[in-house]
Amino acid sequence: MGFEQIIFYIFSFWFVVSSLAMIFSRNAAKAVLFLVLAFFSAASIWILLEAEFLAIILILVYVGAVMVLFLFVIKMLNIDKSTIKARFTGYLPLRLIVAIIIIAEMSLVLGSNQFGLDVFSVPARHSEGYSNITVLAMQFYTIYVYPFELAAVLLLIAIIAAITLVHRNDNTSRKKQSISEQVNVQAKDRVRLVSIILPDKKEK
Amino acid sequence: MIKNLNKLIKNLTLNELRTGLSITAKELVNKKITVQFPEERTPISSRFRGLHALRRYPNGEERCIACKLCEAVCPANAITIESEMRDDGTRRASQYDIDLFKCIFCGFCEEACPVDAIVETQIFDYVFESRQGSIMTKERLLEVGSQNEKVINQTKLEDAKYK
Amino acid sequence: MELWQTFVKMVHALVPWLDGTVAIILIIFIKAMALLIPLMLVVAYFTYAERKVIGYMQLRIGPNRVGPKGWLQPIADALKLMTKEIIFPTKANIYLFLLAPVLAIAPAIAVWAVIPFDEGIYITNLDISLLYVLAIGSIGVYGIILAGWASNSKYPLLGALRSAALLVSYEIVIGFALVTVVMIAGSVNLNTIVQAQQGGIIYWYFIPLFPIMIIFFISSLVETNRAPFDVVEGESEIVGGTHVEYSGMTFAVFFLAEYANMILMAVLSVIMFFGGWHSPFEAIPYLESVFSWIPGIIWLLVKTTFFMFLYLWIRATFPRFRYDQIMRLSWKVFLPITIIWIFVVALMTQLQLSPWF
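If you're matching them up, the sequences are chains E, H and R in order. Residue numbering for the first sequence follows the numbering used here, beginning at 1 and increasing consecutively. Residue numbering for the second sequence follows the numbering used here, beginning at 205 and increasing consecutively. Residue numbering for the third sequence follows the numbering used here, beginning at 368 and increasing consecutively.
In short, the hints are calculated from the structure, not lab data. Treat the hints with caution; some may be incorrect.
[To be verified] Here chain H is said to cover these stretches of chain R; the calculated rule only asks that three of the stretch's residues, wherever they fall, bring their Cβ under 8 Å from a Cβ of chain H:
hint : stretch
1    : 412-425
2    : 472-483
[Said to hold, decoys possible] Which chain R residues stay away from chain E? Per the calculated CB distances, all over 12 Å, these:
hint : residue
3    : Ile391
4    : Ala401
5    : Ile512
6    : Asn556
7    : Ile651
8    : Thr672
Just so it is clear, the structure is predicted and the values come from calculations on it, not from any experiment. Cβ atoms here follow ideal geometry from the backbone N, Cα and C, with glycine treated the same way.
This is chain E alone, in the form it adopts within the complex (with noise of 0.2 Å):
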């Protein structure tokens, strides 16, 4: 077993526990935590497939981003614990029969049948200077451009939808600051120097 095979064992094994961990966890911040295991060694993997930019950016956009952002979510709730417990076993039979389903079609789908060695060759090692990032680029700017832009367009369009759906009331109704004002504001505005003139003086 070379170096390579007891790395991809190792990360393989991470994987795997990770996931299940993530989903028998009881405390949805292990749970997340779990899940950000299973990235980096999915992540790992794929670089030893020569995927670094795919691995790189999974850990940046997912760990990085919406991971924070589940664990800020997480943070915010307040999970009773009995409520979960006695849901989960009143559809217990149902999930069960969805949870299946799943499996089987997955391992329908995504099995060594469909993806195995016998119907892939395996992926050629490629050369010291071999940049996947500059292939990927090749890629995307020249044959996919169109579906690229579109994806982006897709992207740029959901967050201004989700920023209206935020602002949709009307503005005057809600107490906020206005930054810029506080931060353009002088001294002069602040402080009026008044001339007072005394009444005794004034008498003279």
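Given chain E's structure and the hints, the job is docking chains H and R onto it.
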């Protein structure tokens, strides 16, 4: 319009940030004013009220006559005095304790004393090493007095003309 | 590089019974130590420098009692923190509580693997090292968030919430700022980015990317939770933020991570905008030959030291920002400027503006 443009240019060139940075940069090279405490000391007023001391007359006789005026005037009840008659028939304190945890360093005891026995020195950097250490007994007070006699005499002399 | 080859040969000669894999791991370990030990020393003395510089700016003289001129102060601090008791809050989640400082320091150190110190002096020459820096750097948030969550205490939680929102928004700004660098250099490899700035001070990217350089620097202050953006700690508002429940070595680890990150950001600023290991006297007729004997790593360190000093200078100068103003700065000021500058850089590229393209 021009005013707003000016403000925008000032903001974008980080005008105020640069002003702030230049001030701290100037102070970086300025002369430092730190006083290195145990080696250097700041001047202390002759009226400074620090650790207490009991004084003696030049012939070595202790001044305190146990009149208990200081005990009476003490607003914090920090002073405890017991008196006795000595063999030569004079009235002296057999016990003179000041609890420094109670003491508020108001200096009333010094004002009340008819024989200038109890005084407050300029010593402010003292420590207690035990729980009982905060109670200054007569012996310790007299020791502080005899150790700092010269300084006490001088500061009291300096302050005397303003009293 | 020849030095390194001889070193590798030496390791193989010294331990001949080791086969390939073990020797590789040993060499990686030695490489990591060669980086880690100086880094930790620099971190220790950076805290000393911080106290001295800020002291001088406030007309004080800073620590000067431990050792000659206070030079042993960081070591005394380290000893103090090591011998202090680690207190666990009663209802805290102990595993996550202890995992948090580890998650804070591990990325702060791991990022250094791709930093090029000189022509050919690096731990690994990753093809996507810039993305690696961003990705691993974004993991550092977990340390702070977990610290806040696992402490089971209100102030750490508030600090963690602040840091999560801050870091996510400023990572976007930093990402966009670095896009402009990548556009000019045409590579996400840090080595290539530095090599592209060869040929004298006018080739350095801080000239075409001047506003981006300032935005990157200010954003790096936020990323490292430094004053004036240290709302995550915010002593006057939320006591000590995420660090409230940490004591002894667990706190020291957070401290190390913060300073290691700060030095990293300084090095990154130099690599991105100030020509990395290149001498500022390149292509200047007389001075070039005078200063040619100085190795590149010294230039890198000198430039990095300047940026580290800038961190301290800014901390000594500016009062803390209010939290919502930091958010506004990110989304309404920095992000538009960086996006506009991406267009400007695209224009520059099309116009073949010399000497950078």
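Hint-by-hint comparison with the structure:
A count of 4 residues in the stretch 412-425 of chain R with a Cβ less than 8 Å from any Cβ of chain H is obtained; the coverage claim is therefore met, three being the minimum. Counting residues of the stretch 472-483 of chain R whose beta carbon lies closer than 8 Å to any beta carbon of chain H gives 0, which falls below the threshold of three, so the coverage claim is violated. The beta carbon of Ile391 of chain R sits about 8 Å from the closest Cβ of chain E, which is not more than 12 Å, so the claim that it is off the interface is violated. Against the 12 Å criterion, Ala401 of chain R stays outside the reach of chain E, whose nearest CB is about 22 Å from its own CB.
Not every Cβ of chain E is farther than 12 Å from the Cβ of Ile512 of chain R; the closest lies at roughly 5 Å, contradicting the non-interface assignment. Residue placement check: Asn556 of chain R does not keep its beta carbon more than 12 Å from all beta carbons of chain E (closest about 9 Å). For Ile651 of chain R, the non-interface assignment is confirmed: its Cβ lies about 34 Å from the closest Cβ of chain E, beyond the 12 Å cut-off. Every beta carbon of chain E lies more than 12 Å from that of Thr672 of chain R, the smallest distance being close to 29 Å; the non-interface claim holds.
In summary, the numbered hints that this structure violates are 2, 3, 5, 6.
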